[in-house]
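Novice: Residues per chain, in single letters:
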Amino acid sequence: MSVRSQLLKGILEGCILAIISKESVYGYELAMKLQGQGIDVSEGSIYPILLRLQKDKLIQGEMRKSPSGPNRKYYTLTAKGYESLASFKKNWNSLKVPVDQLLTEEEEVE
Amino acid sequence: MNSNILIAENNEKRKLLDDDNKKLYEDMLLYIRLSYGKSQQESEEILMELLDHLLILQREGKDTAELFGEDPKRYADQIIEELPKTLTKKRMMLIFMGLFYFLGVSTFFNGFFHSILYYGFGKLEGSETYYLGTLTVISLVSIGIVFVVVYYVIRYLKWVCFKRINKVVDFGLTAVLFGIIPFSTFLALFYLVPDMGTTITVPVYSLMIIGGIFFALGTLLFKKS
Chain S
1 MSVRSQLLKG ILEGCILAII SKESVYGYEL AMKLQGQGID VSEGSIYPIL LRLQKDKLIQ
61 GEMRKSPSGP NRKYYTLTAK GYESLASFKK NWNSLKVPVD QLLTEEEEVE
Chain C
111 MNSNILIAEN NEKRKLLDDD NKKLYEDMLL YIRLSYGKSQ QESEEILMEL LDHLLILQRE
171 GKDTAELFGE DPKRYADQII EELPKTLTKK RMMLIFMGLF YFLGVSTFFN GFFHSILYYG
231 FGKLEGSETY YLGTLTVISL VSIGIVFVVV YYVIRYLKWV CFKRINKVVD FGLTAVLFGI
291 IPFSTFLALF YLVPDMGTTI TVPVYSLMII GGIFFALGTL LFKKS
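Protein chains in written order, with our numbering: chain S, 1 to 110; chain C, 111 to 335.
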């Protein structure tokens, strides 16, 4: 697995939880929202993650009638999902600043 | 929404796919459905989500590689890996259901054809004598063979998915692997197992009744699961 995809894997989970925490979405909608944020992943890669998050009981899916068109599976966060999102945010924030700092220092040395 | 409704809906929606997408999607569908031991409900839900997504991509004229990537088989494996396993109790019930259906159908037809030959054409005997020991051995080994065959049929069907295999080659392989080999094993079994144990003699028509009972048991399990 490339460094990029390894890095992305954990981060993607956090981003998906963040999107679902704001509103319940269905698969395609989620893919569009990620792309809208500039997170460039193939659209299909969200489905194995959604399944894993469901298995871990962080999110739950429910088949619902959408206002226009077919029945769709909408995902919502569970209580456990909110906890996991909170700890992702904490971890991310504690990493973001030092990593950014480190990378800018390197650029300056070069 | 239960899995049967999802399957029916899937059958309808799939007609909207164009030829290339349909071939790819149906491989994906077969491959995922054949992953035994995985929850059927969850499998059908994810298959419906993938179909909906694919239909949107098709409508927008986008490439299917967006969804399944460059290696669809690997993608399917990733999906299967994340699907939850079915409850073991339900699985056991399905296995017994299959077993009862198999015993039911084979015993019924045995009795049915025997009866036609005997009462209709005066061929064979009006009753059949069984050695209980022999019968037990043959039944157990047959059940074993059926499990092995079913296991390899599934393996074979999964192997064929995502491949463009020649129809003639496919037919030949299937006939030899799942027709000739198991059938010869059954025949060998009937000839090679010696007579042992006490005997019972039953009229041939009663085999149809016994078959019916097995079939009813299978149906009972089917309704429960």
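Be a bit skeptical, because a hint or two may be false.
Stated by the list, open to error - List of simulated lysine-lysine pairs, DSBU-like, C-alpha gap at most 35 angstroms:
hint, chain 1, residue 1, chain 2, residue 2
1, C, Lys233, S, Lys65
2, C, Lys268, C, Lys133
3, S, Lys55, C, Lys277
What the hints assert, rightly or not - Listed below are several chain C residues computed to face chain S (Cβ distance under 8 angstroms; list not exhaustive):
hint, residue
4, Glu136
5, Glu159
6, Asp162
7, His163
8, Ile166
9, Phe178
10, Gln188
11, Gly232
12, Leu234
13, Glu235
14, Glu238
15, Tyr240
In short, the hints are calculated from the structure, not lab data. Even glycine gets a Cβ: it sits at the ideal position worked out from N, Cα and C.
Novice: Confirm or reject each hint.
Specialist: Cross-check of the supplied hints:
1. C:Lys233 to S:Lys65: violated, 63 angstroms
2. C:Lys268 to C:Lys133: Roughly 15 angstroms separates the two Cα atoms, so the pair holds.
3. S:Lys55 to C:Lys277: Outside the cut-off at roughly 39 angstroms; violated.
4. Glu136: Violated, because the Cβ-Cβ distance from glutamate 136 of chain C to chain S comes to roughly 17 angstroms (cut-off 8 angstroms).
5. Glu159: The hint holds - glutamate 159 of chain C has a Cβ within 8 angstroms of chain S, the shortest such distance being about 5 angstroms.
6. Asp162: holds, 7 angstroms
7. His163: Constraint on histidine 163 of chain C satisfied, holds at 5 angstroms.
8. Ile166: holds, 5 angstroms
9. Phe178: holds, 6 angstroms
10. Gln188: Glutamine 188 of chain C check passes; min Cβ-Cβ to chain S is 5 angstroms, inside 8 angstroms.
11. Gly232: violated, 61 angstroms
12. Leu234: violated, 56 angstroms
13. Glu235: Result: violated, 58 angstroms to nearest chain S Cβ.
14. Glu238: Hint on glutamate 238 of chain C: violated, closest Cβ of chain S at ~52 angstroms, above 8 angstroms.
15. Tyr240: Cβ of tyrosine 240 of chain C sits 49 angstroms from chain S, so the hint is violated.
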